[in-house]
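Between the sequences and the hints, there should be enough to build the whole structure, so can you do that?
One-letter residues, chain by chain:
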Amino acid sequence: MSSEKARKFGFETRMLHAGHIPDPHVGARAVPIYQTTSYVFQDAEQAAELFDLKLYGNIYTRISNPTTAVFEERLASLEGATGAVALASGMAAQFAVFMTLLEPGDEIVASAHLYGGSVTQLTHTLKKLSITVRYVDPGNLKAWEEAITSKTRCLYGETIGNPGGSILDLEALSALADSKHIPLIIDNTFATPYLCRPIDWGATIVTHSATKFIGGHGTSIGGAVVDSGKFNFARFPTIADPSPSYHGLRFFDTFGHYGFLMKLRVETLRDTGACISPMNSFLLIQGLETLSLRMERHVSNALGVAKYLAEHPKVARVNYAGLPDNPYHSLALKYLPKGPGAVFSFDLKPIGGDAREAGRRFIEKLELFSHLANVGDARSLVIHPASTTHQQLSDEELAAGSVGPGLVRLSVGLETLEDLIWDLDQALAAL
Amino acid sequence: MGLGSGASCSISLNTVLSPEQQALYQDPDSIREILSRTKTIAIVGLSSERQKASYFVATYLIREGYRVIPVNPRGGTILGETVYPDLKSIPEKVDLVDVFRPSSEVPSIVDQAIEIGAMAVWTQLRIINFEAAEKARGAGLFVVMDKCVKMEHGRFSGSLHWAGMNTELISARRAKR
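Residue numbers (the working numbering), protein chains in the order written: chain A, 1 to 431; chain B, 1001 to 1177.
Just so you know, not all the hints are guaranteed correct.
Stated by the list, open to error - Some chain A residues judged to face chain B by a derived CB distance under 8 angstroms, without partners named:
| # | residue |
| --- | --- |
| 1 | N58 |
| 2 | A84 |
| 3 | A88 |
| 4 | H247 |
| 5 | L249 |
Calculated from the structure, these hints are not laboratory results.
On a predicted model such as this, the values are computed, not experimentally measured, just so you know.
For each residue, glycine too, the CB sits at the ideal point set by N, CA and C.
Here it is in structure tokens:
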């Protein structure tokens, strides 16, 4: 085998090429958008074999689509994974993981520092399916261990916690999950595979809201589940046992390292219908093609903004692990050496004892930061979680997620750094 | 895309073999050569149960144009083909011997594969026997271990990609028809 043939191509090369070889008939260089619901069978026998999963191929875009397949393989390649399934959103992706892995009565141990929508999905929606969640301080390994019971089927956390900016100790958590023979599931939305690849540190499954930095331009909602292929599901009943919704098929026995993803695609995605549109897959592929370039600017701008805010007299605290005095700085250096993302929060000092009012007035004065409920746009964004993304949470849940009344979350974009600092400066001056 | 297009990278994922062992027993160029030269595949341990992995593999390979000969002491027919009790009983030329039996049975299968003049021996996922593999290589046979022939064919023919799997194929050249 020549060394050229065995070449392991670099991250940037794979951003542009993985998952797409120009097709033999047309040779289109850009990824074609297969805007179709369904695919004509070759003959009756081939149709039966496709439905039986004995052939790989496309039946219906709710389950798979050629444009989406490029997005899936490209993301899998960038995460160092065996494969991926794209879904309608990050929330759909996360839900599909739990629906595929868990049964009524099962338990999840999760970081308390999660996106507010994830907290409501885990706490309230999964409760309707008799699944219980135990939240722990993500930095307290002993708390993780103590929360695990005989019913615990997985550990769940975000590489970079939203919105407090905590960093997970991925290596320690994967060792813990291994010792308990349960998968470690990591939401890698804020880091993207350019800044951190959780599978390299032992994570089993990675989820993404591709809506954020992967798409990168605020155009499209989408999500993905990525599997390392390394977990032994042989004694994991939902993946190993004969499936009543697929003629008694044993997914792990039949498909080995991609049994979990096959089950997620042909059962969970089939039955819940949360499929991504081919157009959105195309737009998310466009995002992946420039991921490294954008992330480099995102993190350098974020560090510049964080340093400015940390020096400002009206700012009480900046929660960015890129700052040397942050409690998560050493974990950030280990797991996110290029920079701990571009989404972080800071606490304003109260005005007349009212921090909530300070947050509200600050946001209304901003000119360049867009006030909206998203992160990971090329443009800079701002939100006040206590009155928006996290408003459904109780005061106790807010405190557990480290969200104070004066907390402002920024998603630092790609604008000229001096302009971003100008904008923050004039808004703070008006308080 | 057809077999033969694109630079082939070795997939280091999902195998228990060391990098040195992968170079010997999972070489992507050898795998491509085996898949493109093979016409007839004997599947040792092919099950008649439609939800068993071996049945999936056989169905797939037949659809992809290979002649598949079942080998199983139980006899009968599977997928319309006569089942032979062992490799030696097959009355025609076999190019590839695909093994769905425990690792401990691989040595006797290799002995027969050498005897019938097969081109290659391929053991499926987690079926590993280094001693037998070296004996086969010493006799001039190609050897692939701890890989699935269906997955590898699907990977190089492009269909595994449709299932969202990482084929690790990178090429800017137009695929062949």
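Structure-based check of all given hints:
{"no.": "1", "hint": "N58", "result": "6 angstroms, holds"}
{"no.": "2", "hint": "A84", "result": "5 angstroms, holds"}
{"no.": "3", "hint": "A88", "result": "15 angstroms, violated"}
{"no.": "4", "hint": "H247", "result": "6 angstroms, holds"}
{"no.": "5", "hint": "L249", "result": "5 angstroms, holds"}
When held up to the earlier numbered hints, the structure conflicts with hint 3 and nothing else.
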